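Asks: Listed below are the residues making up each chain.
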Amino acid sequence: MRWVDVKEGFKEFLEEFKREKTGIAGVILLILLVLVALTAPYTTIPDLPDKWRSSAYWEDNPKNVPPTWYNMFTSQKLVPQVAYYSDELSITHPSNTEILIEAPYSFSKGYYLGPQGIIIRNINVTLNLPSEAPTYSLYLERPDGKTVPLVDNKPLTSSTTIAVGRDAAISANIYVWLVNVTEGRELDPLQAQMDPIVIMNINTLVSTAFARVEPGMNAQDIINNPEPLWGDYKLVLKIDNPAPDQNKVIIDDIKITFLGRSYGTMGTDYLGRDLWAGIIWGSRVSLVIGILVSVLSTVIGLVYGVTSAYLGGNADEFMMRINEIFASIPSLPILILIGATVGHVTLMFIVLLLVIFGWMGIARIARSMALQIKEQTYIEAARALGAGNGRIIFKHILPQLLPYAFAVIALSVPGAVIAEASLSFLGIGDPTAVTWGQILNAAQAQAATTKGYWWWVLPPGLGIAVVGLTFVLIGTALDKILNPRLRKL
Amino acid sequence: MGYLKYLVFRILNAILVLLIVTFIISALFVKVAEQSNLAKMNDEMMQWDRTTGQNILRTQGQDVYEKAKAEYEQFLREKYELNLPYWQKVYNKAVRTLKLDFGTTTTPIFGTNNVSDIIKVAVPRSILLFTTATIIVIILGIFLGVRAARHAGSVFDRGLSIFALLTYSLPMWWTGMMFLLIFAFKLGWFPLSSMFDPQLTGWEHVKDVIYKLALPVFTYVFVVFGGWAWTTRNIMIGTLQEDFIMAARAKGVPEHKIIYGHALRAAAPPIVTMIIFALLGSLGGAIISELVFNYPGMGRLYWVALQQNETNLLIGLTYFFTVLYLAGVVLADMVYGFLDPRVKVGASAKM
Numbered sequence: 001m002r003w004v005d006v007k008e009g010f011k012e013f014l015e016e017f018k019r020e021k022t023g024i025a026g027v028i029l030l031i032l033l034v035l036v037a038l039t040a041p042y043t044t045i046p047d048l049p050d051k052w053r054s055s056a057y058w059e060d061n062p063k064n065v066p067p068t069w070y071n072m073f074t075s076q077k078l079v080p081q082v083a084y085y086s087d088e089l090s091i092t093h094p095s096n097t098e099i100l101i102e103a104p105y106s107f108s109k110g111y112y113l114g115p116q117g118i119i120i121r122n123i124n125v126t127l128n129l130p131s132e133a134p135t136y137s138l139y140l141e142r143p144d145g146k147t148v149p150l151v152d153n154k155p156l157t158s159s160t161t162i163a164v165g166r167d168a169a170i171s172a173n174i175y176v177w178l179v180n181v182t183e184g185r186e187l188d189p190l191q192a193q194m195d196p197i198v199i200m201n202i203n204t205l206v207s208t209a210f211a212r213v214e215p216g217m218n219a220q221d222i223i224n225n226p227e228p229l230w231g232d233y234k235l236v237l238k239i240d241n242p243a244p245d246q247n248k249v250i251i252d253d254i255k256i257t258f259l260g261r262s263y264g265t266m267g268t269d270y271l272g273r274d275l276w277a278g279i280i281w282g283s284r285v286s287l288v289i290g291i292l293v294s295v296l297s298t299v300i301g302l303v304y305g306v307t308s309a310y311l312g313g314n315a316d317e318f319m320m321r322i323n324e325i326f327a328s329i330p331s332l333p334i335l336i337l338i339g340a341t342v343g344h345v346t347l348m349f350i351v352l353l354l355v356i357f358g359w360m361g362i363a364r365i366a367r368s369m370a371l372q373i374k375e376q377t378y379i380e381a382a383r384a385l386g387a388g389n390g391r392i393i394f395k396h397i398l399p400q401l402l403p404y405a406f407a408v409i410a411l412s413v414p415g416a417v418i419a420e421a422s423l424s425f426l427g428i429g430d431p432t433a434v435t436w437g438q439i440l441n442a443a444q445a446q447a448a449t450t451k452g453y454w455w456w457v458l459p460p461g462l463g464i465a466v467v468g469l470t471f472v473l474i475g476t477a478l479d480k481i482l483n484p485r486l487r488k489l
Numbered sequence: 001m002g003y004l005k006y007l008v009f010r011i012l013n014a015i016l017v018l019l020i021v022t023f024i025i026s027a028l029f030v031k032v033a034e035q036s037n038l039a040k041m042n043d044e045m046m047q048w049d050r051t052t053g054q055n056i057l058r059t060q061g062q063d064v065y066e067k068a069k070a071e072y073e074q075f076l077r078e079k080y081e082l083n084l085p086y087w088q089k090v091y092n093k094a095v096r097t098l099k100l101d102f103g104t105t106t107t108p109i110f111g112t113n114n115v116s117d118i119i120k121v122a123v124p125r126s127i128l129l130f131t132t133a134t135i136i137v138i139i140l141g142i143f144l145g146v147r148a149a150r151h152a153g154s155v156f157d158r159g160l161s162i163f164a165l166l167t168y169s170l171p172m173w174w175t176g177m178m179f180l181l182i183f184a185f186k187l188g189w190f191p192l193s194s195m196f197d198p199q200l201t202g203w204e205h206v207k208d209v210i211y212k213l214a215l216p217v218f219t220y221v222f223v224v225f226g227g228w229a230w231t232t233r234n235i236m237i238g239t240l241q242e243d244f245i246m247a248a249r250a251k252g253v254p255e256h257k258i259i260y261g262h263a264l265r266a267a268a269p270p271i272v273t274m275i276i277f278a279l280l281g282s283l284g285g286a287i288i289s290e291l292v293f294n295y296p297g298m299g300r301l302y303w304v305a306l307q308q309n310e311t312n313l314l315i316g317l318t319y320f321f322t323v324l325y326l327a328g329v330v331l332a333d334m335v336y337g338f339l340d341p342r343v344k345v346g347a348s349a350k351m
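Protein chains in written order, with the UniProt record's numbering: chain A, 1 to 489; chain B, 1 to 351.
Among the clues, some could well be false.
[Stated by the list, open to error] Just the calculated beta-carbon pair ranges, DEER-fashion: (1) A447/A with D117/B: 29 to 37 angstroms; (2) D47/A with N294/B: 33 to 41 angstroms; (3) P431/A with H256/B: 56 to 64 angstroms; (4) T39/A with F143/B: 39 to 47 angstroms.
Since the hints were made in silico from the structure, they are not lab data.
Small disclaimer: the values here were computed from a predicted structure and weren't measured.
Ideal Cβ placement from N, Cα and C applies to all residues, glycine included.
Only chain A is shown next, with the shape it has when bound in the complex (with noise of 0.2 angstroms):
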């Protein structure tokens, strides 16, 4: 085959390609998903698989929270996450010894509860002078005109994060001022913290302070059924700093996060992860390994089917019994054993891996379809002029199986996609990346489904079909144009 028959056969077989609309649709998926792949790193987080596993970067996002858009399909609204940095604060100084700092929160008509949590990080304190320590005082003014104490003068030091939510002693503080609403009476919140109420609802009680409170009603009811008190509310921090000259709090860099009831674009999971930008990243991992496996395992197949055919005798006999055993060795429960005892899984470890248990079946139809062309006349006249095996392998049996090949190597992308997901969803995988199959196997393991956090378990597995679908259109185009049978439709 020369160079120029090639050139020819591709631009015919483009030709027909363009015709096919599966195909073209195929192939406006798939460089949609190549562009989604290489632009992640700019349309989400840069580095997202450092920072994957690390919880305490996810510390500022809500855990298990629905998708924002989720609120057009319900009736029970779900408030959105506001963050402030410094710059959208109002700090003042009302002494020298005094900053304010006031966060406003409009809690809108229609929302069913109040934010999850409030969470101020970033307060950076130089203590030169322990005895004069700075303290601070948080509290929550609401549209009612009551304010709940949060936190009332304690010491700064510059590891503090203020964590409304999570926060035991502050929510035994909402306790007390709730309890004193309503009952009148005065709790000491030191003992409030032993109070079963508060350790089984800690996570809760930050509802009640968007709530409606009045005198008389029962504090129990309003921890298990808040009614949302809707309003213009505002976050107070006083920060009393006794020695200003010796003690410095720097709050250029502080971040006032009303965590939301929902987040962004996908939602989030178990530990605040933003899922959107997991499966925007999980689409790079995806292509990655499901078409250089498919391409792997083709070639390696197409090469042994070939030869194995045109050898012939007993190197074929030889050939086909390797071919068979690898075809017989369940390769599920193998590829699971091999990662469970390597332990260290790489991405191209397990590319190896797939592609090792993925070639057999490529290689069998190679070969019976070497078979037919290794008898054609001029295979015999090549090594009459005294061609070598290789050269006939390569120059004049493979290429003729090429745009097969190409057929092969699509329809078998989905396959690999869908192998690389199955053996992340069951923990074997990359540790280091972040993988559609490692966020299932997170939602597995964390029981999203009998929960129904469906913002979790939907997405991933969406993106690994689409993906499929993609390779599986153009395959099937490929596939029709070199089997005219099903041309003829």
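Given the coordinates of chain A, assemble chain B onto it according to the supplied hints.
Replies: For chain B alone, kept in the frame of chain A given last:
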């Protein structure tokens, strides 16, 4: 080559492959077992040292203690086969496996330690789930595929093709998770876990099993039947363009008879092969699908064995899978030779 000779050749071939695969599997698993056995031995040694050993040391002195310790270690080494060279162990394991002597597990599963008994409990469950589903898929797939081929290019045909392409790209276990979310969590029609209730007997047990099976079977059928229908369609379209179909049509044979009598029969060999492998594949169960549905069959058993490091059970299960596959290959060859006489004479010599 006659049919019988061909068959004997295929069976011998399968046995040879089984022997080699058994050795490969043994080599793999013995390597894994070696580490866990060493850990177990060290554990038992420490246990002995703390109780019996210290006792001997106190009452009979250093020398007796040293001797007893060495003796006990020797005993343990033999017990865990740590005294044998690697290849000897592999050989022993492979021979025992071929004799179907799989040994026992360290912790009881399904109330027994015997690997063969454990497999005997799990296999019928996988058969029940996946074979039921596969049979539904075959019937549905062939029927719909033939229909699509008859009306090629119709809305039905296009719809089926699109559905097939979509489901081909879906991981079955993910579809299972989604169906659990929709039908079990949201709508509450099916149970969230397919684990059987062991307390029920008789009719109540049957009802329980059917209730627990419904969703996994539905999932399997949903994901698989499209592909089947599509493949059947493609094979049938090819066959329907053959000359003998045209001849039959010209003769005035009724269309129904042409489709089911002539075309489907000619298209049978590849479809039968598909059926055999689908049925055999169904016995193995799908590891992840069973995990998702928490169904107590072979697949989930395999996973449990891996988690608990039960090498004997793993070897037993893997061996079982391999035998099944090879039996399927032989069976498919048999049927092929039966349905397509050409295989026996020409091609088999080259196979």
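Asks: State for each hint whether it applies.
Replies: Verification of the hints:
| no. | hint | result |
| --- | --- | --- |
| 1 | A447/A with D117/B: 29 to 37 angstroms | holds, 31 angstroms |
| 2 | D47/A with N294/B: 33 to 41 angstroms | holds, 37 angstroms |
| 3 | P431/A with H256/B: 56 to 64 angstroms | holds, 59 angstroms |
| 4 | T39/A with F143/B: 39 to 47 angstroms | holds, 46 angstroms |
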